[in-house]
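Using the sequences and the hints, build the whole thing.
Order-wise, the sequence lines are chains A and B. Our numbering puts the first residue of the first sequence at 1, with every later residue one more than the last. Our numbering puts the first residue of the second sequence at 1, with every later residue one more than the last.
No wet-lab data here; the hints were simulated from the structure. Glycine included, each C-beta is placed from N, C-alpha and C at the ideal position. Among these hints, one or two may not hold up.
[What the hints assert, rightly or not] Residues on chain B that point at chain A, a partial pick, calculated with CB under 10 angstroms:
1. R17
2. W50
3. A53
2 protein chains.
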Amino acid sequence: MSPAPALTSFRAIDVIRKKRDGIELSRGEIESLVSSYTHGDVPDYQVSAWLMAVVLRGMTRGETAALTDAMLRSGEVLDLSALSGKKVDKHSTGGVGDKTSLVLAPLAAAAGVTVPMISGRGLGHTGGTLDKLEAIPGFNVNLPVAEFRRVLAACGCCMIGQTAEIAPADRKLYALRDVTGTVESPYLICASIMSKKLAEGIDALVLDVKTGSGAFMKKEEDAVFLAELMVETGERMGKQVVALITDMDQPLGCMVGNALEVVEVIEVLHGGGPDDLRQLCLELGGWMLHLGGVANTVEDGKKQSEKLIASGKAFDKFRRMVELQGGDLRAIDDPKKLPKAQHTMTLPSPKTGYIASMQAEQIGTACVILGGGRERKEDSVDPAVGIVLHKKIRDAVSAGEPLATIHYNAESRAARARQRLEQSFQIAAAPIREKRPLIHRVIGHEAESGAKN
Amino acid sequence: MSPAPALTSFRAIDVIRKKRDGIELSRGEIESLVSSYTHGDVPDYQVSAWLMAVVLRGMTRGETAALTDAMLRSGEVLDLSALSGKKVDKHSTGGVGDKTSLVLAPLAAAAGVTVPMISGRGLGHTGGTLDKLEAIPGFNVNLPVAEFRRVLAACGCCMIGQTAEIAPADRKLYALRDVTGTVESPYLICASIMSKKLAEGIDALVLDVKTGSGAFMKKEEDAVFLAELMVETGERMGKQVVALITDMDQPLGCMVGNALEVVEVIEVLHGGGPDDLRQLCLELGGWMLHLGGVANTVEDGKKQSEKLIASGKAFDKFRRMVELQGGDLRAIDDPKKLPKAQHTMTLPSPKTGYIASMQAEQIGTACVILGGGRERKEDSVDPAVGIVLHKKIRDAVSAGEPLATIHYNAESRAARARQRLEQSFQIAAAPIREKRPLIHRVIGHEAESGAKN
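Okay, structure coming up:
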């Protein structure tokens, strides 16, 4: 009834109110909000109110894609078209003992796929790829973009941390979410992950979405929801995306802790290593090779991956990347030269039986307590400390037999970590019948061909 | 399983997360949040996220009372126990042409009730008591607390604006809500109103909760919800509170605009004035006298109110208050001396028929456009401008007969206001059967005795 108001410029308050009232925001509104916030034209207190409205009202697929796109465009989007081959990355939502990235980047590069991997640090109870890489003496994760390109061109893979140029909106939003109780939203998690990954200039992305006691998403349905959101968002933006829902109900492999995990990575690249870690690397590698256009099927990609490990080509690529990024090759060729904790202590089993379950988050937290992760943002990480598991779920154990070995440098931290660990193993009298699959589901691109384990 | 964490001090993030997840907050948590925010120890961006969580998750009655109490205690709570008689105030949720406060404060004071009234300014399309009082030349609404007490002691009523000492948390929270889309929550509205009113040191409160096209709560169910919340919150804090749900589907009375409304107030105090305004003043006055302990029943209170008007005692009290607060009595004794607009223009009816409905919010907005309210916070108010309605709902009207007269000082504003007004009247061919009651419902204290109209 009243005359239409004159076209006005963007007002953050209008966007907040719309989201509060459950009305879908337009792409333009989301772009304006993200861009104004990144440039400091909208204050934190308006954005935090909007973030809370998003947490409680959710977002449509269109809004999620628009948010991802706006965050992606807040900074530089790498153009890697000058490099040969398809560019494929892998991203994990975070777990305990998850060191697959260090295996997969050189493995896929050895097959001819380019892997421009920008990773993060440990968050909460989970380990971070950058912290693991830095356990290799001299390894530099802080390369400028030009150097990142140079290493990629030279060996096909490069692993660095987020640069100031990539998705600055995400850095600013993430810091605000962290202090305003607005981290836990699949829409915001999706936009945060996908904006950074798509800014890498990739053609395809393999997502490893963890579920179980050591994952952020303990419930499989939540992991599936996030996976579907990320796959659809990536596809809307013209990328090939597949998500594997994988098991994180116990640590992956046997080693938890930065240098210890590098040891296990080298074992896998030499054709050994624990079965679950090796299997997951082959599965994710199969997908990376398939999406990277060097394998016709995922199965073919897995077979190629096995061969690249058996031939030593994957390890050679890892060695080359370490060298190009300043790492000390002596520690790669002789893992005993990696940082080592001064002391070890074993945790004996209190009884005879079978490992029924593990509290993987508690094990991850125990590693953080030892100094392997950060309790506060400003903490430094001790690369040497960690936990070696001698038993996994379903294994038989006798009373007194070691469940785990704690590698530590400070007695008081070891005592606190041990307390956590003691409560992390549930031992049953009877053998465990159920076996959780390693790959729960595959979502997205030609998913049917990968739903096996 | 993990050892209990040491008792830590208050963390805003925990309170935000709890509210986000729909968990009831404790009184201590709410008190800590309000007190830390008032003292600048919690930043705006955390509180705005919390406010949005409150808007979308709601609050329990206990939380609402705790929030009201914390806001009330953020500043000075007046102790008026040295003054004789019960202290009773009236508060309206805001409407168009609602000038009852100017009638009721002196009316109740004339009956022996003490009325310590702290009011606000116009908000959105609604008028504000302070703006109306300031249409009286010289009238000072900015009295310090000591002077407020002195006027109260001298004449039994005093009408001022919010002081820095009263509920500073509300001022800070309100400013934040205004820019973060978190105004529209009954819980936050209740806490804001009740914290300020209870800080006045009153014994009882009569709430006039408006519903209809000119109210903030257009739907009666929303008005009733807010009314029940305020009544219960007041009662939990040991006060007698009653809420009348009253009609705001058309402006109250015929005058909209600050000086024009003072004219109508003087008419009512002289025993005249429009029927709806006069009736509502008597109804609210009846309640104030009853809760103030000078009338056994509301009906008795209404009769006393009629007599106090007829005898001129209510007008004398108004005159005395104006004098004590620095107002020019010549403008009260001869309302022609109140500020007057330079020009008038009439709005003729486009057709013959009956007034079916009015868009009261549009009429209020037309008055704001004329300069009678603020389009932006920093605008000054023109006391002289406004709108005089010649017809009310159900009235018969002939084509060309004036519907309203616009009092204006600026041609361009008048043109914009006229456009709004033209769209504010719906004229039907047939007589209007339905009649909306003036008092829809009475909620709270001995409500049954007042549910009549």
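Structure-based check of each hint:
1. Taken as an interface hint, B:R17 checks out: its beta carbon lies about 4 angstroms from the nearest beta carbon of chain A, inside 10 angstroms.
2. Given the 10 angstroms rule on beta carbons, the hint for B:W50 holds: about 8 angstroms separates it from the nearest Cβ of chain A.
3. Taken as an interface hint, B:A53 checks out: its beta carbon lies about 5 angstroms from the nearest beta carbon of chain A, inside 10 angstroms.
Every hint from the earlier list agrees with this structure, and none is contradicted.
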